[in-house]
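The listed protein sequences correspond, in order, to chains A and B.
First residue of the first sequence: 2, per the numbering used here; consecutive thereafter.
First residue of the second sequence: 4, per the numbering used here; consecutive thereafter.
Everything labelled a hint here was simulated from the structure, so no lab data went into it.
Glycine included, every Cβ here is placed at the ideal spot set by N, Cα and C.
Treat the hints with care, since some could be wrong.
What the hints assert, rightly or not - Here are a few chain A residues that face chain B, going by a calculated C-beta distance under 8 Å: (1) VAL6; (2) PRO216; (3) GLN256.
Claimed, not checked - Okay, derived cross-link-like pairs now, BS3-like style, lysine-lysine, Cα gap no bigger than 30 Å in a straight line: (4) B:LYS152 x A:LYS119; (5) A:LYS240 x A:LYS187; (6) B:LYS52 x B:LYS30; (7) A:LYS240 x A:LYS163; (8) A:LYS163 x A:LYS187; (9) A:LYS119 x B:LYS304; (10) B:LYS180 x B:LYS328; (11) A:LYS119 x B:LYS52; (12) B:LYS304 x B:LYS327.
To be verified - Far from chain A, some chain B residues (derived; all Cβ distances over 10 Å): (13) LEU61; (14) GLY62; (15) ASP63; (16) ASP114; (17) MET150; (18) GLU294; (19) LYS304; (20) ALA315; (21) GLY344.
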Amino acid sequence: MDLSVINPILLVAALMSAATPILLAATGELVVERAGVLNLGVEGMMIVGAICGFAIAVETGSPLTGFVAAAVGGAVLSLLFAFLTQVTLANQVASGLALTLFGLGLSALLGQGYVGVKPPRISDIGFGPLADIPVIGPILFSHDPILYFGIFLVAGVWAVLKFTRVGLILRAVGENHDAAHALGYKVVRIRTLAIMFGGACAGMGGAYISLIRVPQWTEGMTAGVGWIALALVVFASWKPWRVLLGAYLFGGITQLQLNLQGAGVAIPVEYLAMSPYVITIVVLVVLSADKSAAPGSLGRTFHASH
Amino acid sequence: MKLKTLLASAAMALGLASGAFADGHEKTKVGFVFVGPIGDGGWTYEHNKGRLAVEEALGDAVETVYVESVAEGPDSERVMTEMALNGADLIFTTSFGYMDPTINIAAKFPDVKFEHATGYKRADNVSTYSARFYEGRAIQGHIAGKMTKSNIIGYIGSYPIPEVIRGINSAFIHAQKVNPDVEFRIVWAYTWFDPAKEADAAKVLIEQGADVVLQHTDSTAPQAAAQEAGNVVTFGQASDMGQYAPFPRVSSIIDDWAPYYIARTQAVIDGTWESTDTWDGIGPGMVGIGEISDAVPADVKEEALAMKAAIADGSYHPFTGPIKKQDGSDWLADGEVADDGTLAGMNFYVEGLTGEIPQ
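For reference, chain A alone in the conformation it holds in the complex (with noise of 0.2 Å):
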C-alpha cells in the first residue's frame, strides 16, 4: 500500500469533472420535477445531446457550439415527451423509459460515421496568474468552461425558484396543478417549458461526456449515468444545493475508489466498487422516508377539464 501516489489536488480536481454530467442532467430534471413531470428518460436525453454535440463539434470545430448543440438536441427529444404526456395526455412512467429507447437507437444511427474521430479539445479557462497558487489554483481555477456553467445553473435554479415569480409559478404548477390552473396559470405550457429546460440540461450533459471526460463518441456511452441523476434529484430532496452535493459525493467516491485501488489499499476492491452505488441505495431509502418533500402533482396527468 502507498497512499503517496495518490494527488489529492488531482482528486478533488477530477472529482469535479467525473461530477458535472450528473450533475447538469439532475439539475436539468429536478427543474422538470418541480414543475410536477417525471422524466425517466434523462438517460435518452444525455446520449442524444452526446451524439448531437460531438457531431456538430466535429463538423464546425468549436467545441461550444458542439454544447450548444447538444443542448438543442436534448431539447427537442424531450419536446417528444412533452406531446405524449401533456398533448396526449399518455402516461409519465412509460413515455420517459420509451424515450431512453427512442434516444439509445437514434443517438446508435447518427453516430455512425463517427466513431473513431478525435474532437477538437476545449480549453480551460485562463485565469492567469490565480491558476499559480498551490493548492486553490488547480481545483478552482484550472477547469473547462462547462464546469463553471454547470456550478453557476445551480445557483441560477436555485435562486430563481427561490426568489423569483417564475420559480413560484413553477413551483405552484408542480405543487398543485389543478390550483395553478384556477389561478390562471398555463399549466401545459409552463410544464412544456420546464421539459425542454430538462432536456437540454441532459444534452449538454451527455456532451460533456463525449466531448471532455472521455473525448470520443461510444455506442451506448453514457453507461446509466442518466439512470444516477434521476437518483440523485430524489436523494437532493429536489433541491439545487443539495443536487450539487450529490454529483460531487457520487464523483468523489468514484475517483477515490479508483485511486485507493491503483495504490493497493487493502479494503477489498468490492467494497470500493460498490460504495457509490451503495449512495443510490441511500436514495431510495431516502424517498421512502421524506415523501412530504416530493412536489405535490409529481407524475400526475394534468388536463384542464378534470
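Since the structure of chain A is provided, determine the placement of chain B on it from the hints.
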C-alpha cells in the same frame, strides 16, 4: 439498477417480437447475445463481425438475430428464453457472465444448441469456446516492459475471473523478464463496457505514474485518455483499435471469431453439431496480433514478432517454468509448461505482482 433492468427486458421483448413473424423454419436461425453495443469498437464489435461473416458465408441458409447490451445474470436468461422460443437453432452467448444462465436455459431447451464464450461449464447441448488471449498478452507484456520509462504499468481489469487474471499474469511475466524493475498497478472496473469509467481508471493510473496502460475492458476510452496524456503507451483490446495507431496504440490483440462461427453454424445445418470445448490461440488464428507500429523500436518489434512466431508454431508456451505463485510457493518447475486445466481456472497471481485478487 431496477429501471435499467426493466428497460433492457422491454427492449428485448420489442426486438424479439418483430422477429417472430418471419418463421418459415427452413432457415437455420442463429441467435447472438451481446454484452455491449455492437459499436463498442472492441469485444462485441468483433463478435458482431463474426455474426455478419456467418450471414455472408452461408447466405440464405441462415438467419441471424442478436440482442445487444444484455446485462449478465437473470436478464440474459430472459433474452435466451425469448430467442429459443422464437425458433433459434443455435445461440451464441458471448460473455463469461452468461455461463450459468446459458446452462440453465440449455436444460430447458434440449433441442437448441448453445455456445458459450470463455466459460468452463458444458452440457450435451452446450459447447464452450474461447481464445487464448494470454498468448497475445505475453507479446504485449514484452513490448510494455521494454517501452516503460517509469517502470509502472497500469492495468484496467474488468472482473476478477480466470481469463482476466491469466492475462495479467502473462503480461507481467513477460514484462518482468525484460525489465526486472517493472511494477503493475491494477484497477478493477467491475464492468466490461463503460467508457466514462474506463477513461477515469486510465486517468487515475496515469496520474499515479503509469506510462503504459493495458486494458481488459471493451471500449476505446482508455486509448483516448492516453492520447490526451501524450506519452502513454496502450494496446488495442479485442479489436484492433487502429484509429489510435501509431501512438498511443502500438499493437493490439484481435479476436477473430468468424471461422469458428461459420463452422459451428454449418455443423448445425449438417446435423453434425456436438458439444465441444474449443480453446484456440495465435496458431489457428483465433487470436490475432495487430500491427506493431513504428512507435516501437525496431529491435523490440523484431523480438515481439519472434515470440509471436514461436507461440504460433508451439515451440514456446507463455507459461513456462520456473514460475512461482505470489505467495512464493512453487508453481511450475524449470521448463515445465502449465496445463490447460490450471490455466482455465487460474485464480492466483504469479510472484512479483502486488495486491490481492478480489474474491
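These are the hints, each one checked on the structure:
no.: 1; hint: VAL6; result: 5 Å, holds
no.: 2; hint: PRO216; result: 6 Å, holds
no.: 3; hint: GLN256; result: 7 Å, holds
no.: 4; hint: B:LYS152 x A:LYS119; result: 27 Å, holds
no.: 5; hint: A:LYS240 x A:LYS187; result: 24 Å, holds
no.: 6; hint: B:LYS52 x B:LYS30; result: 20 Å, holds
no.: 7; hint: A:LYS240 x A:LYS163; result: 10 Å, holds
no.: 8; hint: A:LYS163 x A:LYS187; result: 20 Å, holds
no.: 9; hint: A:LYS119 x B:LYS304; result: 27 Å, holds
no.: 10; hint: B:LYS180 x B:LYS328; result: 16 Å, holds
no.: 11; hint: A:LYS119 x B:LYS52; result: 23 Å, holds
no.: 12; hint: B:LYS304 x B:LYS327; result: 28 Å, holds
no.: 13; hint: LEU61; result: 26 Å, holds
no.: 14; hint: GLY62; result: 25 Å, holds
no.: 15; hint: ASP63; result: 26 Å, holds
no.: 16; hint: ASP114; result: 32 Å, holds
no.: 17; hint: MET150; result: 20 Å, holds
no.: 18; hint: GLU294; result: 16 Å, holds
no.: 19; hint: LYS304; result: 24 Å, holds
no.: 20; hint: ALA315; result: 29 Å, holds
no.: 21; hint: GLY344; result: 26 Å, holds
Going down the numbered hints, you'll see the structure goes against none, and every one checks out.
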